[in-house]
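Visitor: Listed here are the chains, written in short residue letters.
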Amino acid sequence: MAAAGRKHTLDAAAERWFEELDDRGVFMTDDRLIVRRWNRWLAAQTGRRAEEMVGRALLDLYPALVDRGVDRYYRDALAGEVRILSERFHKFLLPITRNFHGAGLTEMAQTARIEPLVHEGSIVGTITLIEDVTERVIAERELRNQITASEQARHLAEEASRLKDDFLATLSHEIRTPLNAVIGWTRILRTQPAIRSQAHALEVIERNAISQMRLVEDLLDMARIISGKLRLNIDAIPITDVARAAVDVVAPAAAAKQITVEVLFDDELPTVSGDADRLQQVVWNLLSNAVKFTESGGSVRLQIKSDDGRVRLSVRDSGQGISPEFLPYVFDRFRQADSSASRRHGGLGLGLALVRQIIELHGGTVGVESGGVRKGSTFWVSLPTVPAFGTEAAPAAVEPREPVTLKGVSVLIVEDENDARELLVAMLEDYGAEVRAVGSAAAALEALQGGRFSPDILVSDVGMPSTDGFALVREIRALPAEKLRRLPAIAVTAYANPEDRVRALVAGYQNHVPKPVDAGVLAVAIAQLIARPLPRNHA
Amino acid sequence: MQLTAAQQDALVELLNIGFGRAAASLSQLTGHRVLLDVPQVSLHAIDEVGEALERTIRGHVASVHQIFTGPVGGDALLILDEAGAAILKELLTSEPALPLAIDASAREVITEVGNILLNACLGTFGNLLRVQVSFSVPHLSIENVAGLLESLMVSQQGIRYALIVHAAFRLRDTQVTGYLMIVLSVASLDRLIRAVEDWESAQR
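Listed in order, the protein sequences are those of chains A and B. Under the numbering used here, think of the first position of the first sequence as 2, with each following residue one higher. Under the numbering used here, think of the first position of the second sequence as 118, with each following residue one higher.
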């Protein structure tokens, strides 16, 4: 009696424990699938209380279980099997609508287990356990997304790294090619001074040196654009002048391949807002690209027309065209349709990338159309225009330069590299200047303070060992002699970006000329500084 | 104890019927056509199983384990190598698997697949023997073959045999091979083999 009483008490306690179990759903049915127990968790989650459920057939309460084939699992359980319902295959057992903010789930994600209930060797019903796994599903999805994102990032990085490798290979090749010509012809000139084709040799050397300089300029431009340091000198400019200047540049190359360059400009074109030098670079790039990829005897057409408040410039060629697969990548950095070693056309593949970047800096757009391989292609750029009233103030795109002379001007040159120093001396003597050159900042200070040589202007390299050009000019500006403190000074640097220019000016130079030095540019800079003496109060 | 060629053939045929039903359930669940073949059945004394399994499985295995009790009792396991389990999960759910240790959803999927297969296999035997067997809840574990077998040995004494059933899942042009292992006592095995022979002679 006492034992039976204890069992009864324990059963009642177990039943209550089961009813109050609140971290998962548990319900029982008899062997006809009539619901017999329905715990508190289920009542709370489904909104259906035990009183409503107990005594009713499970498949009547949830007819969708039959549509989803889950009734079979209950039959299996009544035949003695235990069935697992994974979240991934079934999503849920009982539909419990929830608002999971931002997770895109409208039903509680569940896993479930259906088991037979066995009493004295026979199956008397089923028990179902339901677990809420929504948080787990969201966490796994998040983890999977993060893995996918990091894999994509890795893939992109690998692709970028591969493109850079290709680019470096191309770059090495492109740098070596003109160097070979320069070095080869220079050796010939030195070993066979009496060579008849001296003029030809010099012409080849100059052409290759210019080509290499252009290559380096492209690289520097790209580096500036990548680092966001390219500055535009925006002005109202007549685009046709810019375009004609570019046509003049490519004309010899086109003529050499018997390619006709047709020019078609609308009358009355609006003025474009932009940087004349940069836009000329754009047109030149498009034209030289067209000439490069057009076979001998072909044609290139440059057209500029008004286009709905903008100016549209297009370059059409009859060349080899572009395959549809490559078309989307034409303006990408470092991309070339054929980056193999046996490729037929030289170049770094930077030209069109520069075109796009420069045009986008101008607020313009670029595009390309091609009928496919061997069908020619048309590159176009579209640029914003400036209102008509501003056009009168527009300066000419190319300023004519007056002939410059430095006769009677004495110049002190500071340059640690012998070749560069000799070149500067030769250039300025050519303009009639009286030149004295030293190889270090210390020698320059000594020459200035010795009093034997009193220059009108200082031209100094910036990158020098021990005391650099910045320190030199700062020391000069602190000297006791007023004439020296006010000595006009020009910095010559290989660091050809605007920040370096600012740095030179802050240090105490009045102007800045980039290397490789153009004799004309340097002469003009000197002439301008001499004509405009330094203000007395300059620090 | 060894199976004769005729006994092996009869077992393969019987199991293929059960696996056909399991494949149909998997196809319905996943929306992909899933085929399941039993190319081979072999019998090993329990202490030789490790050697037999380690010939084909290296490293960790994912196993779904269910104990069955009744007139015939023993252990039933689906065994997949860890990579196979991950591939199977990817194929079945069209979703990249994370390492099983951190992918509870993948473990659940493999558990359900094991549950379906083991039920089909034992259901077939139950029908054949005209007995009712009861099952425990399936559990998935990830460990090496030695550890897996050790846990099987600990629970039982006496000479036991393992029926190893090769199971080849084929879906989406890919095949994943796993093993079903039914561990039985000599008496249960004897009963099963006699029933298989009776069935086989009734087919003629």
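Hints may be right or wrong, so weigh each one.
So, partial list: chain A residues that the calculated Cβ filter (under 7 Å) puts toward chain B [what the hints assert, rightly or not]:
hint, residue
1, Glu82
2, Ile85
3, Arg89
4, Ser274
5, Asp278
Here are some, though not all, of the chain B residues that point toward chain A, as calculated from beta-carbon distances under 8 Å [said to hold, decoys possible]:
hint, residue
6, Ser144
7, Leu146
8, His149
9, Asp220
10, Val226
11, Val250
12, Ser251
13, Ser253
14, Val254
Across the chosen pairs, the derived CB separations fall in these ranges [to be verified]:
hint, chain 1, residue 1, chain 2, residue 2, range
15, B, Ala218, A, Arg232, 49 to 59 Å
16, A, Ile124, B, Gly275, 23 to 33 Å
17, A, Phe19, B, Val303, 38 to 48 Å
18, A, Pro466, B, Pro213, 31 to 41 Å
19, B, Pro213, A, Val503, 23 to 33 Å
Source of the hints: derived by calculation from the structure; they are not laboratory data. Note that the structure is predicted; figures quoted are calculated from it, not measured. Using N, Cα and C, we set each Cβ at its ideal position, and we do this for glycine too.
Visitor: Do the Cβ positions of phenylalanine 19/A and valine 303/B conform to the proposed distance bound of 38 to 48 Å?
Guide: Holds: the Cβ-Cβ distance is about 41 Å, inside 38 to 48 Å.
Visitor: Identify whether the interface hint at glutamate 82/A stands, where standing means a beta carbon of chain B within less than 7 Å of its own.
Guide: Glutamate 82/A check passes; min Cβ-Cβ to chain B is 5 Å, inside 7 Å.
Visitor: Taking the least C-beta to C-beta distance, is histidine 149/B closer than 8 Å to chain A?
Guide: violated, 12 Å
Visitor: With 7 Å as the cut and Cβ atoms as the points, is isoleucine 85/A at the interface with chain B?
Guide: Interface hint status for isoleucine 85/A: holds (5 Å vs cutoff 7 Å).
Visitor: Measuring from beta carbon to beta carbon, are isoleucine 124/A and glycine 275/B in 23 to 33 Å?
Guide: Taking Cβ atoms as reference, isoleucine 124/A and glycine 275/B lie about 29 Å apart, which means the hint holds.
Visitor: If you take the shortest Cβ to Cβ gap from valine 226/B to chain A, is it below 8 Å?
Guide: Cβ of valine 226/B sits 5 Å from chain A, so the hint holds.
Visitor: With 23 to 33 Å as the target window, see if proline 213/B and valine 503/A comply at their CB atoms.
Guide: violated, 52 Å
Visitor: Just to be careful: measuring from the Cβ of aspartate 220/B to every Cβ in chain A, is the smallest value less than 8 Å?
Guide: Holds, because the Cβ-Cβ distance from aspartate 220/B to chain A comes to roughly 7 Å (cut-off 8 Å).
Visitor: Closer than 8 Å between Cβ atoms is the bar; does serine 144/B clear it against chain A? Give me holds or violated.
Guide: violated, 12 Å
Visitor: Identify whether the interface hint at serine 253/B stands, where standing means a beta carbon of chain A within less than 8 Å of its own.
Guide: Constraint on serine 253/B satisfied, holds at 7 Å.
Visitor: Is the shortest C-beta separation between arginine 89/A and chain B less than 7 Å?
Guide: holds, 5 Å
Visitor: Going by Cβ atoms only, is serine 251/B closer than 8 Å to chain A?
Guide: holds, 5 Å
Of the numbered hints stated above, those contradicted by the structure are hints 4, 5, 6, 8, 18 and 19, listed in ascending order.
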